[in-house]
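Okay, here's what each chain looks like letter by letter:
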Amino acid sequence: MDFRFNERETAFYNEVDDFLKQQLPTDWVKGVLRWPGGYGSQEFDRQDAAEIIDRFQRKLVEKGWLTISWPKEYGGIEYTYMEQAIFDERTSYHGALIADVIAAGIVGPTILEIGTEADKEEWIPKIASGRIKMWLGYSEPNAGSDLSSIQTTAVEDRDDYVINGQKVWSSDAHRSDYAWLIARTDPKAPKHKGISYFIVDNRTPGVTIRPLVNIHGIHHFNEVFFDNVRVPKKNLIGEKNKGFYHLMTSLAIERIMLVRMGSFRRIFEELTLWVKEHDRDGKPLGSYPLLRQKMAEIATKIEIGYLLFWRTAELLDKGKIPNVEASILKLTATELSRSLAEVAMDILGPYGLLPRGYERTPFRGMAPRGYLDCISSTIGAGTSEIQRNIIAVRGLGLPRE
Amino acid sequence: MDLDFSEEQRILQRSARDFLKEKCPKSLVREMIRDEKGYPEWLWKEMADLGWLGVTIPEEYKGIGGDFLDLAILLEAMGEACLSSPFFSTVVLGAEALLLAGTEEQKKKFLPRVVEGTLLLALAAIEPGEWYRATGSNTIASRDKNGYLVNGTKYFVENAHIADYMILLAQTGEKEMTILMVEGKGPGIRFETVQTLGNEKQSVVIFRDTRVPEANTLGRAGEASHLMEVLQERASVAKSLEMLGLMKVAFDMALAYAKEREQFGRPIGSFQAVQHHCANMAVDMESSRLITYQAAWKIARGLPASKEAAMAKAWTSDAAGRLTRLAHQVHGAIAFCDEHDLHLYYRKAKAAGIAFGDAEYHFEKVAEQLGF
Chain A
1 MDFRFNERET AFYNEVDDFL KQQLPTDWVK GVLRWPGGYG SQEFDRQDAA
51 EIIDRFQRKL VEKGWLTISW PKEYGGIEYT YMEQAIFDER TSYHGALIAD
101 VIAAGIVGPT ILEIGTEADK EEWIPKIASG RIKMWLGYSE PNAGSDLSSI
151 QTTAVEDRDD YVINGQKVWS SDAHRSDYAW LIARTDPKAP KHKGISYFIV
201 DNRTPGVTIR PLVNIHGIHH FNEVFFDNVR VPKKNLIGEK NKGFYHLMTS
251 LAIERIMLVR MGSFRRIFEE LTLWVKEHDR DGKPLGSYPL LRQKMAEIAT
301 KIEIGYLLFW RTAELLDKGK IPNVEASILK LTATELSRSL AEVAMDILGP
351 YGLLPRGYER TPFRGMAPRG YLDCISSTIG AGTSEIQRNI IAVRGLGLPR
401 E
Chain B
1 MDLDFSEEQR ILQRSARDFL KEKCPKSLVR EMIRDEKGYP EWLWKEMADL
51 GWLGVTIPEE YKGIGGDFLD LAILLEAMGE ACLSSPFFST VVLGAEALLL
101 AGTEEQKKKF LPRVVEGTLL LALAAIEPGE WYRATGSNTI ASRDKNGYLV
151 NGTKYFVENA HIADYMILLA QTGEKEMTIL MVEGKGPGIR FETVQTLGNE
201 KQSVVIFRDT RVPEANTLGR AGEASHLMEV LQERASVAKS LEMLGLMKVA
251 FDMALAYAKE REQFGRPIGS FQAVQHHCAN MAVDMESSRL ITYQAAWKIA
301 RGLPASKEAA MAKAWTSDAA GRLTRLAHQV HGAIAFCDEH DLHLYYRKAK
351 AAGIAFGDAE YHFEKVAEQL GF
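Residue numbers (our numbering), protein chains in the order written: chain A, 1 to 401; chain B, 1 to 372.
Be careful, since some hints might not be right.
[Claimed, not checked] Taking beta-carbon pairs under 10 Å as the criterion, some of the chain A residues facing chain B (in silico):
hint: 1; residue: Gln-293
hint: 2; residue: Ala-299
hint: 3; residue: Leu-307
hint: 4; residue: Leu-308
[Stated by the list, open to error] No more than 35 Å apart at the CA atoms, straight line, and that leaves these computed lysine-lysine pairs for DSBU-like:
hint: 5; chain 1: A; residue 1: Lys-294; chain 2: B; residue 2: Lys-248
hint: 6; chain 1: B; residue 1: Lys-45; chain 2: A; residue 2: Lys-294
hint: 7; chain 1: A; residue 1: Lys-320; chain 2: B; residue 2: Lys-248
hint: 8; chain 1: B; residue 1: Lys-185; chain 2: A; residue 2: Lys-283
hint: 9; chain 1: B; residue 1: Lys-45; chain 2: B; residue 2: Lys-350
hint: 10; chain 1: B; residue 1: Lys-23; chain 2: A; residue 2: Lys-276
hint: 11; chain 1: A; residue 1: Lys-276; chain 2: B; residue 2: Lys-175
None of these hints come from the bench; they were simulated from the model. Glycine residues also receive a C-beta, built at the ideal position from the N, C-alpha and C atoms.
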């Protein structure tokens, strides 16, 4: 038993940390407006954010850090999952957003696992080099938590598949190049057994992307319509009708990746500092017993989140598929997103209602942002209830019926 | 990072579990609730033979010289068995205090007897009006040429009724707190023993002109508060470890029941409400395990662990309460019966959660560590 990083991991931790401090402007974190665990507020409050992210991502590609745990022959550097986790933790701590987290983080690894040689040859170099951006086409109006009920169909027609249907909650689809899509390829098979993966170019005729403005007033989600969209047969990735089984693994990876533990620590540090520097009714804020309890409990939950995070990476390195652990991690971290927002609001009271940009607004206006954004955390990538179902049925072996 | 046990630790865990499964059935646990002493002497002897009582005591004092993680494994197994024994008060508190502060002579005198199972210890620290923070301020030890004369009252002294020596926190001068080793059954000591909610035997101990020789000072006069702090830190983690064992069994019982009990023509574990209770228990189990073992590992490696220990005790105390209550909920009325075993765990989980500081107390310690 050892709760420390080994020498190599420590060196990598420091290397990533130094790199981030060097690459990002010193005041970068002040402009990061996303709430830990949230989905809806990926904005940066600075003019040059896009350029900085772009430059930063190119540097990542040079270092092989966009594809840390990939095999060398596909452009990776074959580091461990623990090192991948260290990278994710550091980048999220410093508020560094990687432009293409979906393609390199989810699609690439899935193709490496299930794709044919031709699939790999076509897509892996583009993904590894950070040249393309992708969005996830999973949810549909009638298939949210029950993902196996998707109704989007892909029907063979000569050399093509013809896709019809609608996707929703499509994050950043309007800023992406390709959809990573699941569609029904065998309507007669049982629900789980007739689903396949496709890559669809956003520019294909028949693809219509419409904005869905979220709770912050931000255009992040979309609804995407597929109206007789023709894609070449080779764009079916992996084995036909086997997509759903791989989807479960992809979702487990997504749950680990989206946790971004470092962002929790960063926001908590910022809130801690604010509490230490302010008085309420003439007494230091930090002297109020209930506030002390709440902050201590949040600190403990963050520590637990970290331990679950490292544990999941450790299990992957030990060759285990941490389905249940990933769900425990996701559930814990996203519920923490909620309680962190609630505690920030409790502490700031009326000042917590004030939006960013006013003189008397504390905490960079993150409290109202967090209070809204945290709603998405326990819903996206499988609701808390779905996580509990996974834990109960797959982890604890409770009967489905 | 490696958050699994080593092969050796796994072997220790397996043998501890097997041993207690065989030797400590629930019938024995129940018998000990009614027993005047509260622990089976024959089993204590067998635990001594296995070397358990000297798990963290160095070989030079006849112990086996293991570390805090070895102790952790035993404590977890004892929690699983719901074992009633003087292990905690003797080994975790008493022997630990001797190791931390005892002179060479004291260690040589007392520790081998702990190892062989012939010396029982208890900690007498808390006084009327105190909850978790022991000050010793109303137990006065006045010095004369023959040593100390002690006067005062101690509350919540677990195993005072069987202890050969009590580790006593007393005031030996103006703002001078000192730990004394007081013979358990000497003149000038009265005690009243009660059985708590957690089926533990605790006493109110009253000292009236109790004589303690100077040689029985543990550590230097005036150094008690640091020693108490370290002792409380370790005891908190040790109680958290015991809770992990209690939680595990309560959880296993609830899961088994959810799978076998049928209502509405199907196992209740197929209902989502019950499934989510079970998932929540799994989350509490996993999170408590990681946060507690992190603290235990730090102690074993000699690293500063104040924050981690406080987090572990705060979190696990609450989690053990939540988990055992949910386990009862899954069982319905059946576990509300005396003959069912679950309430033994429910009771002990609450007592362990309170011992050496509840969640509120330890979250406050975390807040201090955060610099508030």
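Evaluation of the interface hint that places A:Gln-293 against chain B, nearest CB under 10 Å: Holds: closest Cβ of chain B sits about 5 Å from A:Gln-293, inside 10 Å.
Given the hint that B:Lys-45 pairs with A:Lys-294, test it: the Cα-Cα distance must not exceed 35 Å. With a Cα-Cα distance of about 46 Å, the restraint between B:Lys-45 and A:Lys-294 is violated, given a limit of 35 Å.
Between the alpha carbons of B:Lys-23 and A:Lys-276, is the straight-line distance 35 Å or under? Measuring from Cα to Cα gives roughly 54 Å; hence the hint is violated.
35 Å limit on alpha-carbon distance, applied to hinted pair A:Lys-320 and B:Lys-248: OK: A:Lys-320 and B:Lys-248 at ~23 Å, within 35 Å.
Would you check the hint for B:Lys-45 and B:Lys-350, treating anything up to 35 Å between C-alpha atoms as holding? holds (28 Å)
Are B:Lys-185 and A:Lys-283 close enough, with their CA atoms no more than 35 Å apart? violated (51 Å)
Measuring from the C-beta of A:Ala-299 to each C-beta in chain B, is the shortest one below 10 Å? holds (6 Å)
Compare the distance between the alpha carbons of A:Lys-276 and B:Lys-175 with 35 Å, and conclude whether the hinted pair is satisfied. Within the cut-off at roughly 32 Å; holds.
For the hint on A:Leu-307, just tell me whether its beta-carbon gets within less than 10 Å of chain B. holds (4 Å)
Residue hint A:Leu-308, partner chain B, criterion CB-CB below 10 Å: holds (7 Å)
Has the given pair, A:Lys-294 with B:Lys-248, been kept, meaning a C-alpha gap of at most 35 Å? Since the Cα atoms of A:Lys-294 and B:Lys-248 sit roughly 27 Å apart, the hinted pair holds (cutoff 35 Å).
Figure legend: structure checked against the earlier numbered hints; hints not met, in rising order: 6, 8 and 10.
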